[in-house]
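Enquirer: Sequence:
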Amino acid sequence: LQIVYHDSDIVVVNKPPDVLTVPGIHSRSCVLDLVHDRFGEAVQDKAHMIVHRLDMATSGIVLFGRTLNITKRMQAIFRDRLVLKTYQALLMGHFPIDKGTIDLPLQRDHAYPPFMRISTPTSEADAVQAVKDLQQHGWKKLIRKKPKPSQTSFRVLARSFRNGLPFTRIELVPVTGRTHQLRVHCAALGYPIVGDPTY
Numbered sequence: 001l002q003i004v005y006h007d008s009d010i011v012v013v014n015k016p017p018d019v020l021t022v023p024g025i026h027s028r029s030c031v032l033d034l035v036h037d038r039f040g041e042a043v044q045d046k047a048h049m050i051v052h053r054l055d056m057a058t059s060g061i062v063l064f065g066r067t068l069n070i071t072k073r074m075q076a077i078f079r080d081r082l083v084l085k086t087y088q089a090l091l092m093g094h095f096p097i098d099k100g101t102i103d104l105p106l107q108r109d110h111a112y113p114p115f116m117r118i119s120t121p122t123s124e125a126d127a128v129q130a131v132k133d134l135q136q137h138g139w140k141k142l143i144r145k146k147p148k149p150s151q152t153s154f155r156v157l158a159r160s161f162r163n164g165l166p167f168t169r170i171e172l173v174p175v176t177g178r179t180h181q182l183r184v185h186c187a188a189l190g191y192p193i194v195g196d197p198t199y
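So the sequence shown is numbered by our numbering: it starts at 1 and just counts up by one.
If you are wondering where the hints come from, they were derived from the structure by calculation, not from laboratory data.
From a predicted model like this one, the values you see are computed outputs, not experimental measurements.
Check each hint, because a few of them may be wrong.
[Claimed, not checked] Derived lysine to aspartate or glutamate pairs resembling EDC-like cross-links, with alpha carbons at most 20 Å apart: (1) K146 - D98; (2) K99 - D80; (3) K46 - D80; (4) K72 - D103; (5) K148 - D98; (6) K148 - D45; (7) K85 - D103; (8) K72 - D7; (9) K99 - E41; (10) K85 - E171; (11) K85 - D55; (12) K72 - D9; (13) K72 - D98; (14) K46 - D103.
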């Protein structure tokens with residue numbers, strides 16, 4: 001576990017890829033468990049340390065609170081979008097535009113409810129039918145949610161070839177913070193993130 005910073009209020013960790021930030025469905029080691037074991041003496045419930053998360057495949061900085069009060073204050077800062085999140089990704093293909101904003105609304109994928117998709121008039125109509133079809137399976141509430149506006153700012157950092165295949169290293173800044181937003185936006189434009197098995 002690489003600790004970037006810690007004091008009496010917070011712990012900042014550099015999360016490696018392919019490690020869960022918080023416990024998942026299956027019993028696997030996660031960053032929260034390691035942080036709680038080392039720094040969680042002031043909290044009874046380790047969930048009270050969770051400020052934000054990164055997807056399992058994503059590496060980067062994760063912040064944990066050392067008391068419930070600090071965690072709530074940090075969560076409010078994230079919720080109010082006072083934190084600038086910047087990501088770098090390697091995309092398949094040469095992304096054709098150097099800088100801009102991807103503005104594509106997202107909704108729950110009715111065919112695969114845990115996942116997200118770009119919203120289209122057809123997908124919204126399909127979601128209505130899916131609510132009827134899937135209401136016995138516990139997905140009704142998620143699928144029923146309306147599409148949400150989603151924007152991602154981007155800047156190309158480099159274009160290259162590896163083994164004859166084109167790749168783009170890109171900086172992504174989520175303007176909104178939707179589930180799987182960066183992954184879905186890149187894949188929807190035809191430039192999926194390398195190593196993303198879902199999109």
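Enquirer: Evaluate each hint against the coordinates.
Expert: Going through the hints against the structure:
| no. | hint | verdict |
| --- | --- | --- |
| 1 | K146 - D98 | violated, 31 Å |
| 2 | K99 - D80 | violated, 25 Å |
| 3 | K46 - D80 | violated, 23 Å |
| 4 | K72 - D103 | violated, 30 Å |
| 5 | K148 - D98 | violated, 26 Å |
| 6 | K148 - D45 | violated, 32 Å |
| 7 | K85 - D103 | holds, 17 Å |
| 8 | K72 - D7 | holds, 17 Å |
| 9 | K99 - E41 | violated, 45 Å |
| 10 | K85 - E171 | holds, 10 Å |
| 11 | K85 - D55 | holds, 14 Å |
| 12 | K72 - D9 | holds, 12 Å |
| 13 | K72 - D98 | violated, 38 Å |
| 14 | K46 - D103 | violated, 36 Å |
Of the numbered hints given earlier, the model fails hints 1, 2, 3, 4, 5, 6, 9, 13 and 14; all others are met.
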